[in-house]
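Here are the chains, one letter per residue:
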Amino acid sequence: MLNIKVIYEGTERDLSVPFDSKRTLKDILEDAGMAVSAPCGGMGICGRCMVNVDGKEELACTYVPEKDMTVTVSRRKNDVVKSAPELGELPDVGVPLGLGLALDLGTTTVAAFLYDLQSGKCLGMTGAENAQRRFGADVISRIRYAENDRKMLQLTSLIREQVFDLGMELCAAASTKEKQYGMQDIRYISIAGNTVMQSLFAAITPKPIGEAPFTPISLFGEELVAEPTMYYCPCISGYVGGDITAGILSTGIYEADETVLLMDLGTNCEFALGDRNGFFCVSAPAGPSFGRGAGSDQLHGSEFISLAARFLTEGVIDETGRFYGDKYREKHGEELKKRALKKAVFDAESYMKQLASDIRSLQLAKAAVGGALGTIFRESGISADDVKRVYVAGGFGSFLDPESAFTLGLFPEAFRGKVVMTGNSAGEGACLALRQENREILKKIAGICTYRELSGSKVFDEEYIEAMCFGQPEE
Amino acid sequence: MKEIIRQIAEAVENGKAKLIKELVPQAIEEGCSAQEILGEGLLPGMGVIGDKFSKNEVFVPEVLVSARAMNKGVELIKPLLQAEGQTSIGKVCIGTVEGDLHDIGKNIVKLMMESRNIEVVDLGADVSADRFVEAVKNEGCEVVALSALLTTTMPVMGDVIKALTEAGLRDKVKVMIGGAPVNQQFADMIGADIYTDDGAQAGLACEKALKEMHA
Ligand code: B12
Numbered sequence: 003m004l005n006i007k008v009i010y011e012g013t014e015r016d017l018s019v020p021f022d023s024k025r026t027l028k029d030i031l032e033d034a035g036m037a038v039s040a041p042c043g044g045m046g047i048c049g050r051c052m053v054n055v056d057g058k059e060e061l062a063c064t065y066v067p068e069k070d071m072t073v074t075v076s077r078r079k080n081d082v083v084k085s086a087p088e089l090g091e092l093p094d095v096g097v098p099l100g101l102g103l104a105l106d107l108g109t110t111t112v113a114a115f116l117y118d119l120q121s122g123k124c125l126g127m128t129g130a131e132n133a134q135r136r137f138g139a140d141v142i143s144r145i146r147y148a149e150n151d152r153k154m155l156q157l158t159s160l161i162r163e164q165v166f167d168l169g170m171e172l173c174a175a176a177s178t179k180e181k182q183y184g185m186q187d188i189r190y191i192s193i194a195g196n197t198v199m200q201s202l203f204a205a206i207t208p209k210p211i212g213e214a215p216f217t218p219i220s221l222f223g224e225e226l227v228a229e230p231t232m233y234y235c236p237c238i239s240g241y242v243g244g245d246i247t248a249g250i251l252s253t254g255i256y257e258a259d260e261t262v263l264l265m266d267l268g269t270n271c272e273f274a275l276g277d278r279n280g281f282f283c284v285s286a287p288a289g290p291s292f293g294r295g296a297g298s299d300q301l302h303g304s305e306f307i308s309l310a311a312r313f314l315t316e317g318v319i320d321e322t323g324r325f326y327g328d329k330y331r332e333k334h335g336e337e338l339k340k341r342a343l344k345k346a347v348f349d350a351e352s353y354m355k356q357l358a359s360d361i362r363s364l365q366l367a368k369a370a371v372g373g374a375l376g377t378i379f380r381e382s383g384i385s386a387d388d389v390k391r392v393y394v395a396g397g398f399g400s401f402l403d404p405e406s407a408f409t410l411g412l413f414p415e416a417f418r419g420k421v422v423m424t425g426n427s428a429g430e431g432a433c434l435a436l437r438q439e440n441r442e443i444l445k446k447i448a449g450i451c452t453y454r455e456l457s458g459s460k461v462f463d464e465e466y467i468e469a470m471c472f473g474q475p476e477e
Numbered sequence: 158m159k160e161i162i163r164q165i166a167e168a169v170e171n172g173k174a175k176l177i178k179e180l181v182p183q184a185i186e187e188g189c190s191a192q193e194i195l196g197e198g199l200l201p202g203m204g205v206i207g208d209k210f211s212k213n214e215v216f217v218p219e220v221l222v223s224a225r226a227m228n229k230g231v232e233l234i235k236p237l238l239q240a241e242g243q244t245s246i247g248k249v250c251i252g253t254v255e256g257d258l259h260d261i262g263k264n265i266v267k268l269m270m271e272s273r274n275i276e277v278v279d280l281g282a283d284v285s286a287d288r289f290v291e292a293v294k295n296e297g298c299e300v301v302a303l304s305a306l307l308t309t310t311m312p313v314m315g316d317v318i319k320a321l322t323e324a325g326l327r328d329k330v331k332v333m334i335g336g337a338p339v340n341q342q343f344a345d346m347i348g349a350d351i352y353t354d355d356g357a358q359a360g361l362a363c364e365k366a367l368k369e370m371h372a
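Each protein sequence line maps, in turn, to chains W and V. Counted the way my numbering counts, the first sequence spans residues 3 to 477. Counted the way my numbering counts, the second sequence spans residues 158 to 372.
Hints in this document: simulated from the structure, not taken from any laboratory. Treat the hints loosely; a few may be bogus.
List of simulated lysine to aspartate or glutamate pairs, EDC-like, C-alpha gap at most 16 angstroms [what the hints assert, rightly or not]:
1. W/K179 <-> W/D140
2. V/K212 <-> W/E351
3. W/K446 <-> W/E91
4. W/K123 <-> W/E91
5. W/K355 <-> V/E276
6. W/K445 <-> W/E260
7. W/K460 <-> V/D260
8. V/K319 <-> V/D345
9. W/K329 <-> V/D260
10. V/K235 <-> V/D260
The structure presented is a predicted model; accordingly, all values stated were derived computationally and were not measured.
All chains, please: the whole structure from these sequences, using the hints.
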């Protein structure tokens, strides 16, 4: 047997593997319950599963251990987003309030925050890839998987078990010699996620959200008195979920006197435009380009945006999205050479073909965002110039380079100087929702949001085609 | 080829609807037949765009702009075509299946079929299985083309095939399917006859199927 010592998220474990197993490090780690992120599907191209083997960097998805070794797996810093608000202290009335657990249930990642409900202080936070992920990357795939009760409950147990594990991990980490914490101390759980994630967590079938007219069974927003008490942030529609109302809460825009826009960018994008009197909400599907691991190299979607912006500036692509191979060779010849060296078989032509088609799929995503913005602006009578502040949120949005977004025309020029990157606004909202007064505000927020369905909208179709070119439109 | 016909093809390719409005009447005046204008000018112009679309050289907006120019031209020669007794090579009904409202891809497929002189009955989006069956019965469509963009609505394509079978029409028609999440494997699984992954190929495959059916 081979002995592999693994240092994973700060804890050490010893694994024994048969000598001739010929298995990759990724498989070995995953069998032992340690998730390794590999958006390229273990093809050895994205570099995201890089681990440290006896001091040397290796790709876990291709590396086959043949000797005893020590492997250090460190989580990429952008996998879990970190910032937790303070909730403020509550007066001591003699009854211990215990702990609160706030959950940000993303389709891709799950983040958990542990709070002392009395002091309002965050005791710790953690996160992991959503355990349901192998049943589909986007919400529609999860809905499809959960076609019957048995399969739906399978997804429900997966996420609940995962949350339990994360909770235990946080309790253990927060415990000291004097004070030991356990799951029984958690008295309150607040949850923010998109409508499908919340439904799956609550064991409510998400099926109706998958087909027109996308009406979810529950819009949540009520407290479920159980042990512990559970609260799900209110949803506005099948595609504008509790993560958005939580974001409206944590950014404080429900109090805005001036017009503001919240954009949550990801495979599905949500937008809320308005001020304290009311918000127009729409959702638009951007597709895989706005996910993790988009693009020919399985670059993070936001990295591909920066690359595309560079292409546009260099003339490798033009504003119609056409890709010029000769120009690419001229500007990026070195890159092609490097790739050719790395791989036994490398065909530059087919690589460039792939790049060209990735640009097309980015173009559809860009158009979906532009179409959604164009539609809410036209239908609300508010113009892009009226918007005083633009909050960009979401797993994809948070890593976006705003400058590249302007170059590509993903952000209209009118947004310049107004963009605020909010990081994990849904997670912060979930934390705030541990407090009664904030849950009252969430209820109000749900009341002032109006949803506009883009499917079947003529206005959207026009704006969508209109927004398909890259760059800022000429006046 | 006549200069004016070549100009018509070029105007469609460049999406110049206004120019088409001038060129087509001029061609008629010069004595070109409607069939010539259609078969050698308008349709080949659109064909060039279809090829470029397949090669990723142009994208959705260009296709739509060229289609508008082509349709303008077809409108102008329609009366003449009927007088000349010009007929299409076959009739197809197309639609996005029930529960699905994505129609941009379907519209492109429709245009590519039209550019091959195929008559297309467009049933729109969110089309129930029954409506496909009716279209085959009442309109005499020989090919049923189904589009789906959602993984949740893909199985509905199988339902349409079942409905056609139940109505006793399955062997009278060819079923072709497509849309981003659809692939050949899925087509085989539900028993569809044809799958292609882009619009230009869809037009070509449909033309081939119709010709085989008439042979
Ligand atoms: C535009 C768009 C919309 C628009 C549609 C506007 C319209 N009038 O069509 C709107 C905003 C309405 C919309 C709504 C929704 N959408 Co949408 N949408 C897209 C988007 C961005 C582009 C689709 C498109 O137009 N492509 C361009 C055309 C030209 O390509 P195509 O359709 O693939 O067609 C080509 C080929 O497939 C083939 N083909 C197509 N049909 C046929 C038929 C035959 C017979 C043949 C042979 C070939 C063929 O030829 C075409 C030309 O080459 C995609 C993401 C993406 N990048 O693909 C998501 C996407 C399809 N949508 C998605 C989702 C989730 C939705 C919503 C459920 C979400 C929401 N927020 O409400 C709703 C559902 C609405 C419904 N019931 O249909 C998901 C589906 C995920 C999944 N796993 O199924 C996608 C993939 C995005 C994502 N990952 O989140 N959407």
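For each hint, the structure was consulted:
1. Under the criterion of a C-alpha separation no larger than 16 angstroms, the hint pairing W/K179 with W/D140 is inconsistent with the structure, at around 43 angstroms.
2. About 13 angstroms separates the Cα atoms of V/K212 and W/E351, which keeps this hinted pair within 16 angstroms; it holds.
3. Straight-line distance between C-alpha atoms of W/K446 and W/E91 comes to about 24 angstroms, which puts the hinted pair past the 16 angstroms bound.
4. Among the hinted pairs, W/K123 with W/E91 is consistent with the structure: their alpha-carbon atoms are about 8 angstroms apart, no more than 16 angstroms.
5. Taking the CA atoms of W/K355 and V/E276, the gap is about 33 angstroms. The hint is violated against a cut of 16 angstroms.
6. A distance of roughly 21 angstroms separates the Cα atoms of W/K445 and W/E260; the hinted pair therefore is violated under the 16 angstroms criterion.
7. Simply put, W/K460 and V/D260 have alpha-carbon atoms about 12 angstroms apart, close enough for the 16 angstroms limit, and the pair holds.
8. Taken as a hint, the V/K319 and V/D345 pair is honoured in the structure, with Cα atoms around 14 angstroms apart against an allowance of 16 angstroms.
9. Taking the CA atoms of W/K329 and V/D260, the gap is near 34 angstroms; set against the 16 angstroms cutoff, the hint is violated.
10. Under the criterion of a C-alpha separation no larger than 16 angstroms, the hint pairing V/K235 with V/D260 is inconsistent with the structure, at around 26 angstroms.
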